[in-house]
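Colleague: Going line by line, the protein sequences match chains D and R. For the first sequence, position 190 (counting from the first letter as 1) is numbered 190 according to full-length UniProt numbering, and the numbering increases by one without interruption. For the second sequence, position 74 (counting from the first letter as 1) is numbered 74 according to full-length UniProt numbering, and the numbering increases by one without interruption.
These are computed hints drawn from the structure, not numbers from a lab. It cannot be assumed that every hint is accurate.
List of simulated lysine-lysine pairs, DSS-like, C-alpha gap at most 25 Å [said to hold, decoys possible]:
hint, chain 1, residue 1, chain 2, residue 2
1, D, K193, D, K54
2, R, K85, R, K65
3, D, K193, D, K40
4, D, K54, D, K192
5, D, K54, R, K9
6, D, K189, R, K9
Fair warning: this is a prediction, and the values are worked out from it, not measured in the lab.
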Amino acid sequence: MGPIIPNGLIPIEWDSIIAIFIGICFGFVLESSGFSSSRKLAGVFYGYDFAVLKVFFTAAVVSVIGIYYMDYLGYLHIEQLYIHPTFLWGAIIGGVIMGVGFVAGGFCPGTSLCAVAIGKLDAWVYVLGIMLGVLLFSELFTFFEPIYDGYFLGNITLMDSFGWNPYWVIFIFSIIAIVAFAVANVVRKRVKKVFY
Amino acid sequence: MVVKKKAAKILSFRYMILALILIVLAGGLVLLPKVPKQEGIEVEQLLSNVLSPERYISTDQLAEKIIDRDPSFIMVDVRDPESYKNYSLPNAINIPLKNLLDEEYEVYLNQAQFDIIFYSNDNLYADQAWVLGNRLGYNNLRVLEGGMNEWYATIINPAIPEEKMAAQDFDLYTSRKAASMFFGVMYPEQIQMEQPVVQKPAPKQVIPVKKKKKKPVEGGC
Numbered sequence: 001m002g003p004i005i006p007n008g009l010i011p012i013e014w015d016s017i018i019a020i021f022i023g024i025c026f027g028f029v030l031e032s033s034g035f036s037s038s039r040k041l042a043g044v045f046y047g048y049d050f051a052v053l054k055v056f057f058t059a060a061v062v063s064v065i066g067i068y069y070m071d072y073l074g075y076l077h078i079e080q081l082y083i084h085p086t087f088l089w090g091a092i093i094g095g096v097i098m099g100v101g102f103v104a105g106g107f108c109p110g111t112s113l114c115a116v117a118i119g120k121l122d123a124w125v126y127v128l129g130i131m132l133g134v135l136l137f138s139e140l141f142t143f144f145e146p147i148y149d150g151y152f153l154g155n156i157t158l159m160d161s162f163g164w165n166p167y168w169v170i171f172i173f174s175i176i177a178i179v180a181f182a183v184a185n186v187v188r189k190r191v192k193k194v195f196y
Numbered sequence: 001m002v003v004k005k006k007a008a009k010i011l012s013f014r015y016m017i018l019a020l021i022l023i024v025l026a027g028g029l030v031l032l033p034k035v036p037k038q039e040g041i042e043v044e045q046l047l048s049n050v051l052s053p054e055r056y057i058s059t060d061q062l063a064e065k066i067i068d069r070d071p072s073f074i075m076v077d078v079r080d081p082e083s084y085k086n087y088s089l090p091n092a093i094n095i096p097l098k099n100l101l102d103e104e105y106e107v108y109l110n111q112a113q114f115d116i117i118f119y120s121n122d123n124l125y126a127d128q129a130w131v132l133g134n135r136l137g138y139n140n141l142r143v144l145e146g147g148m149n150e151w152y153a154t155i156i157n158p159a160i161p162e163e164k165m166a167a168q169d170f171d172l173y174t175s176r177k178a179a180s181m182f183f184g185v186m187y188p189e190q191i192q193m194e195q196p197v198v199q200k201p202a203p204k205q206v207i208p209v210k211k212k213k214k215k216p217v218e219g220g221c
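From just these sequences and the hints, can you work out the full model?
Modeller: Written out as structure tokens, the structure reads:
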């Protein structure tokens, strides 16, 4: 049956409209749960607020379990889902840059736009920085191109490259999540509280 | 008050309960009996493909393709190797039905450049081969309708139409007869026609060779 759009249950022309709708909902939820505050986001790294870790880890675990149950029951063909292609070194370098930006600025690109919408000045600066970075990257693209296009591994998953059993991976992943939440709680109790 | 206290007691464990639900659900995935997944295209799709006669190619069409040296198709004989050695169509390859899904033959079936035409003695085995391939999503497979028997009946040994039959039948007969000649069938009238033409030795031609006349010496230096 699913995924809905590739199988024609919803015409493909609808996908931008659905994307805009989901985007608005996502932005609303981010804002209303306080993710437009750079202090809350940076709290993960200083140990006084683990909301980001908990939210995104829970989202990943819940969706992966849900997808595999739907696949098991035949509502969804997992092999039809889009898998993002892996450019190994591009992903590693980009991840490091993004992480540094996350700690330093206290936003990830999505939440920064959220914060721009409610008029936070630091978010304006952050988004300006993103724009500058984009400009710099496109100007120096010929220089970065070998990394950008190289080390292409295809649309692979952990199951493909290591031959793991997906069900056990999910089970272990959920346990890791719960352990991480417990550890986060312990750390948060030890660290001096910050009010913001 | 008592109810509220009880609720508060339970709610103080709320994260534990949520974590437990998560583990139970994830563990359920591990423990669930694994059902082998239906491979290839959807069942409904396969059924409608099977019922559709689109896959058939007639012997006349195939003969025309062979005679025209159409490069766009590969013929696959799905009978056993013995029958294949005994008689088969020109340039056909032999993939016995039981070996159809072997890895070495996948290059022939799973490609988009050539049409694959299956045939067997009738179209029964060829149809089975077609179903196996179609289910795996190979979509340029065809079946020779009637198989080798039909090939014999129509191309190699076409029935001579009766006098009262339509002109179309006569046309068809002539084209089939011509096709059978292409595939090496000899007809009596064809043999009669081939009387050796005795070549008469050509009379010798005398080509006169002009002798060069010596030019009178003209004035020189």
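Colleague: All hints are to be evaluated individually against the structure, with a verdict given for each.
Modeller: These are the hints, each one checked on the structure:
1. Under the criterion of a C-alpha separation no larger than 25 Å, the hint pairing K193(D) with K54(D) is consistent with the structure, at around 18 Å.
2. Our distance criterion of 25 Å between C-alpha atoms is met by K85(R) and K65(R), whose separation comes to about 22 Å.
3. At most 25 Å may separate the alpha-carbon atoms for a hinted pair to count; K193(D) and K40(D) meet this at roughly 12 Å.
4. A hinted pair counts as satisfied when its Cα atoms are at most 25 Å apart, and K54(D) with K192(D) qualifies at roughly 19 Å.
5. The hinted pair formed by K54(D) and K9(R) meets the criterion: a straight-line CA distance of about 24 Å does not exceed 25 Å.
6. Proximity of K189(D) to K9(R) is assessed by CA-CA distance (about 21 Å); at most 25 Å being required, the pair is judged to hold.
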